Every structure is written in structure tokens, then in C-alpha cells.
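S.K.: Can you build the whole structure from these sequences, using the hints too?
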Amino acid sequence: MDLSIPLINSLTLGSLYTLMALGLTMSFSVTKIANFAHAELVTIGGYVTALLVNWMGYGLGESLIAAFFASALLAVAMDEGVFKPMIKRGSKPLFLLVASIGIGLVVRYLLFIYADLNAVITVQAKTNVQLIGRFGRAGITTIHLWVFPITIVSVVLLHLMFHYTKPGKALRAMADNEDLARVSGVKIYTLRRLMWFIAGGITGVAGGLWSAYSVITPEIGWYALLRIFAASILGGLVSFWGTIAGGLIVGFAENFGITFMNTYFNVSTAYRPLISFVIIVIVLLLKPTGFAGFDIVGWLKEKVKGGGE
Amino acid sequence: MQIEFLASYMPIFTSFIVLFAIYLIAALSLNMEYGYGGIPNFGHVFFISVGAYMAGVLTARTVDYIAGIKAGYCSGQASVLRTEYLSSHPMEAVGIFVASLVLGAIIGGLFGYAASYPALRLKEDFLAITLIFIGDMGRIIARNEEGIVCALTGLTGIANPLSFVKDVGTRSIAYALIVVAFAVLTYIYVQRLAKSPFGRLLKAVRDDDLAAMALGKVVPRVRGEVMVIGSALAAVAGVLRTFYIQGVVADDFQPLITFLVLTMVILGGMANNKGVILGTLIMTALDQFISPSFLSLLGISVEFDVTYMKYIIIGLIIILVLMFRPQGAIPEGPVETPALELSKSSEWDVEEKLEIGGEEERSPSG
Chain Z
1 MDLSIPLINS LTLGSLYTLM ALGLTMSFSV TKIANFAHAE LVTIGGYVTA
51 LLVNWMGYGL GESLIAAFFA SALLAVAMDE GVFKPMIKRG SKPLFLLVAS
101 IGIGLVVRYL LFIYADLNAV ITVQAKTNVQ LIGRFGRAGI TTIHLWVFPI
151 TIVSVVLLHL MFHYTKPGKA LRAMADNEDL ARVSGVKIYT LRRLMWFIAG
201 GITGVAGGLW SAYSVITPEI GWYALLRIFA ASILGGLVSF WGTIAGGLIV
251 GFAENFGITF MNTYFNVSTA YRPLISFVII VIVLLLKPTG FAGFDIVGWL
301 KEKVKGGGE
Chain H
1001 MQIEFLASYM PIFTSFIVLF AIYLIAALSL NMEYGYGGIP NFGHVFFISV
1051 GAYMAGVLTA RTVDYIAGIK AGYCSGQASV LRTEYLSSHP MEAVGIFVAS
1101 LVLGAIIGGL FGYAASYPAL RLKEDFLAIT LIFIGDMGRI IARNEEGIVC
1151 ALTGLTGIAN PLSFVKDVGT RSIAYALIVV AFAVLTYIYV QRLAKSPFGR
1201 LLKAVRDDDL AAMALGKVVP RVRGEVMVIG SALAAVAGVL RTFYIQGVVA
1251 DDFQPLITFL VLTMVILGGM ANNKGVILGT LIMTALDQFI SPSFLSLLGI
1301 SVEFDVTYMK YIIIGLIIIL VLMFRPQGAI PEGPVETPAL ELSKSSEWDV
1351 EEKLEIGGEE ERSPSG
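These protein sequences, in sequence, are chains Z and H.
Mapped onto this note's numbering, the consecutive letters of the first sequence carry residue numbers 1 to 309.
Mapped onto this note's numbering, the consecutive letters of the second sequence carry residue numbers 1001 to 1366.
Derived from the structure by calculation, the hints contain no laboratory data.
Since the structure is predicted, the reported quantities are computational estimates derived from the model, not experimental observations.
Just so it is clear, CB atoms sit at the ideal spot from N, CA and C, and this is done for glycine as well.
Please note that the accuracy of each hint is not assured.
Taking CB as the label site, the calculated pair distances span [unchecked claim]:
1) Z:Ser4 - H:Pro1292: 45 to 55 Å
2) H:Leu1177 - Z:Tyr189: 50 to 60 Å
3) H:Phe1289 - Z:Gly133: 30 to 40 Å
4) Z:Tyr223 - H:Val1302: 39 to 49 Å
5) H:Val1219 - Z:Gly133: 51 to 61 Å
6) Z:Pro93 - H:Tyr1189: 30 to 40 Å
7) Z:Ile282 - H:Lys1217: 28 to 38 Å
8) H:Ile1188 - Z:His159: 52 to 62 Å
9) H:Ile1012 - Z:Tyr189: 46 to 56 Å
10) H:Pro1118 - Z:Glu219: 24 to 34 Å
11) Z:Ser4 - H:Asp1305: 54 to 64 Å
12) Z:Gly139 - H:Ile1300: 49 to 59 Å
M.R.: Here's what the structure looks like:
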């Protein structure tokens, strides 16, 4: 059995899931909202990229920047418009989750109407894809040259931001204990906005890359959401490094798992989503903290404690 | 003149009533689990679909066996033969209908019991995430397996139990009455359950499971029980739906159905069955009347698929209700106990007495 094609597919999809899940991990760890409208950030990013490339003739780079801003603004609007007022009224976390489903429905079906009117229900960014090299039987194309570096750069930048800048450290303090952060002089609402902006933006870029990688529909975000949650939950919904491991595990488990099951047990490839679902259930039931060992925040907390004594 | 006018609108009216009653059963069962029990069963559509598949599979397999239909399980010919057989054998048709309801409720309850395993162990929002995806996984399995409901084509020929009645109008009204009877029974049942000690226990567990446990209540058992009851009722709604549309297609059970039912509960008022009736009425009207067929009846045509509008409105209702009136149209009432009755009557002003008692307790110095 030749494994080069599933390997490259797993790496690509794993990177995309990682990028999407980083935003969810960020917003969940800071606000404690299980944001189902996160799916729509992916979709909007994908559509902005695809339409700018196809209709306006922009390059992929410029379109991805536009996708970053579109999804970032949508994320900030969600928080300012719905989540923040609800939290100020003392809503329960579960109500915020349900409200995020509502936001998701509104955005997704507005996009459906737009796509229906403009005949872009299925669309792919027509970029100039060239084969650069071969890895076994799998081709390495220019898309891969976009996906891998962007993922690595985002992860490194996020790590630097959260560990070496003041807003990043303050965000980690907020994730730990919002009230304590507030009395310590952290401007929590400004920071929240910054967090949503970055989380939304990264997710939008991931959606844009996806639209260059394969065909998207207004439901692509919902389709990806299961994997995004699986990746984030593997990271315990708090840890960046755990999320990266989670994204890659989900990518590999899906591609190798389904190839394996299909070859030896004749299982239909349509059951691919079940693998992510099983990951979610197993992790939540057996080890709800995900990769606690990779938990940078927890590790730092211990380090700080150790230094204090 | 007027009678003719009414007669032309009768099918719309009966279909509205049937769907309203089916949604009402589904919404009341979700209200039992989420409103009273505090278990966010957002995979509700899965339990509805279990009943729907159950009815389809049981009817098709049984009729194929009794009538000796050799045409393939999923073939169109088999579907025609099944309908013919059921419309000429009223006893068997009604028998299979009753058996489907009983078995559907049992299987739905079993699945509910299985789902209560994570429900006892996960935090509220993680549980909601898991259950939302459970709902979609059931659909993915059903739409890829030929043996359940014929994958994407769907299982057909599940004739209405009353298909021996030749007149279509009479038949649909009679079936509507049966479904409404089930909805009324469900309402009476959940209402009695809510006012029973079990209902109070549910609320206690929902509001503070630690306190309930400290009072010696077995919290996991209570949650398991309410999941079984709720899922069995949801499955009954599914069975009634399958016999109404005379077939079952896996892709009808999208997660959106859960969100529609959830909107009914949230809009009407959680833990308030009267509110749920109101919510269901509004949402069913929305569901029925924002559809291409109804709008074309009114002579309105739009460029895009109007069902998109429906989901946008559902989303807006969810957001606005949760933001501005999270308790719903009719808020949850106080727990109805004899003590409440007493406090309402003018002779016994319990609150005043309690206040006096409170002061007396404080006054003696230790």
C-alpha cells in the first residue's frame, strides 16, 4: 500500500484544521464560550478569498489578507453584538453556546442567499496551481507552499505574542481568572476585542487556504467544525501546542484511518467524520483535559509557583 | 361558495395540525430534558430519527415477509406492493402502526439510556457539543447504509395505517386526529410528571445537583430516567412522522431540526409546557408558511430558495430571545406544592409568618 498520498493529505488537512482550531482554542480559553459560529468564520474567509481571486483577479496573498480582515471583523462583531451584551446580563455559558448556534444560522444562510443569487454555491479559488515536486506518488503543489509556511508562521507568532508581549500575557491571565486580571489593571474589554480579532483572522485565513485547496460551499464551516472541535478538545481547549498536535492527529487519523478501514474492512469513505467524532467522545470521557502534558499555560503556572517558593 | 373555499384550504390546515402535533411532542420531550432536567440534549433529532427509522424498517420488513414481496427492499416496485397490501389489510396496517409506536418508544428509550452515559459525566457545554455531533453522526450512518432506510434514496411505501379509508380528505383528517390525540396525551403526561415529586426532583437536580445529592437523591439515576423518557417521546414523534409522510429519508434529520425544536422551547419558555405550546405554534407556522409551495400559492416568488429565510429567522429568534428575554414568552412558574397554595390564600400569609419567625429567632441573646 502506497502511503505517500494519505501522508501529504493528512499533513495538509492537519495544518488547515490546526489553523482553524487555534482560533477556537483562543476564544474558548479566554471567554469560555463554545463558539459554534466559529464555523462561519471559516466559510466567510473561504468565500472572500475565492471571490476576490475569481472575480477581481487578485493574487492569493492579497485575498488571504482580505479574508483575515473579513473574518476578524465578523468575529469582533459577534462578540460586541451578542456575546458581550449577554455576558453583561449574566447569561449562563450554555445560553452563549445556543446564541452562537443562532449567529451561525444567520450568517450561514445569509451567505447561502448571496451564493444562490450569484451562482457560487460551490466555488474554488482559481489560483495558478503548479506541481513543484513529487513525494512518492503524491504531488507537491504551490498550494502546499502556502499552507505549511502560513501554519508554521502563525503558530510561531502566536507563541511569541502570548509569551513575550504584554497583551499576550494579559490574555493568558484573563484565560486563567478574568476577575483577578481585571483587578490587576488589565483592560479586559479591549483585550477581548483584540483576541476575537486575531482568532477570527487566523480562522479566516485557514478558510481562504481551504478554498484554494478544494471546492467550498456555504456549509464548509459546519463540515469542518467537527474536526475543529476534535482538534481543540485534544488540546484541552486551552493549549496551543495541544491544539497543533490535535489538528495533526485529526488530519492523520481521518486520512490514514479511513484509507485503512476502506482497504481492509471495506468501510465506505463516507464514514470519515465518524473518526473525528469518536476522538471527541473518547477524549471527553477519558481525559477531558486533552494533552495536559503539552499544556503550556499549566506548565508555566507550575514554573511560576516553583519560582515563588 | 364558502364551503368550497374552505375545502380547498383543508389539506394545508390538516398538514399544519399534524406537523404542529408532531413538533409539539418533540418540543415537550426536549423541554422535559433541557427545561426541567437541565440536560442540553441538542442531539434531539437523533432520537426523533431513531423512531422514524424504526417505524420504516419494521413496517417494510414485516410487510415484505407477510405478503411475500420478493422485489428488493429498496425498489420502487416493493414500495407499490407494500402500499397495496397495507391499504387492503386494515388489521395488519393498524397492528404494525401500534407495534411501531411501542417498539419505537422502547428503542428510543434505550438510545436515550445509552446517551445518558456521557450526560452524567460531562460538563454542560461539552455535553452539548457531543450531543450536537451525535445527532449528525446518526444521519451519516443512516444515509450510507442500504439496510436501514435505503441510504440516499430513502425508504418508501410505509403506508398510512388508515390507508384502507378510500377518501383522502377523511383519511388525512382522521390521521390528524390520531396525532393530535398523541400530542394531548403527551402534554397531559409531561404536565403531570412536571407537577409530581419527580418533576420537583428534576428541577432540584437542574438547579444544584450537589445540593440534591446532599439530600440523598441519586442524581445519575434521575438524569438517566429523564433521558429515557424524553428520548422515548421523541422517538414516538419520529414514528408518527414516518407514517404521515409515508416514508423516511435520512437527510430529513439534519441538526437544523434540533435547532428548530430548541427554538420552540426557548421562545415559549423553558420548563413551562404551556409556553412550549405557544413556541411550537409560532415556529410550526414559520416552518410551514415560509416554504416555496406556500409562497407560490400566495403568488410570491423569490430568486433564491426561501427555506434559507426560514433559518435566518430561526437564528434571529434564538439570538433575540436569549439576549432580551431568556426566560421565554411565558416564564417558568413557581413549583406547585401545597405550601404554595397556602401562601396564595389570604388566611395564611406564610411569608409574613416566616418573617416574624425569623426575627424571633434573632432576638433572644445567646
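S.K.: Would you mind marking each hint as holding or not holding in the structure?
M.R.: Okay, the hints, checked on the actual structure:
1. Z:Ser4 - H:Pro1292: 45 to 55 Å: holds (48 Å)
2. H:Leu1177 - Z:Tyr189: 50 to 60 Å: holds (57 Å)
3. H:Phe1289 - Z:Gly133: 30 to 40 Å: Hint violated: Cβ distance 58 Å, outside 30 to 40 Å.
4. Z:Tyr223 - H:Val1302: 39 to 49 Å: violated (26 Å)
5. H:Val1219 - Z:Gly133: 51 to 61 Å: holds (59 Å)
6. Z:Pro93 - H:Tyr1189: 30 to 40 Å: holds (31 Å)
7. Z:Ile282 - H:Lys1217: 28 to 38 Å: holds (30 Å)
8. H:Ile1188 - Z:His159: 52 to 62 Å: Taking Cβ atoms as reference, H:Ile1188 and Z:His159 lie about 60 Å apart, which means the hint holds.
9. H:Ile1012 - Z:Tyr189: 46 to 56 Å: About 50 Å separates the Cβ atoms of H:Ile1012 and Z:Tyr189, which means 46 to 56 Å holds.
10. H:Pro1118 - Z:Glu219: 24 to 34 Å: holds (26 Å)
11. Z:Ser4 - H:Asp1305: 54 to 64 Å: The hinted range 54 to 64 Å is violated for Z:Ser4 and H:Asp1305, with Cβ atoms some 42 Å apart.
12. Z:Gly139 - H:Ile1300: 49 to 59 Å: holds (50 Å)
Checked against the numbered hints above, the structure violates hints 3, 4, 11; every other hint is satisfied.
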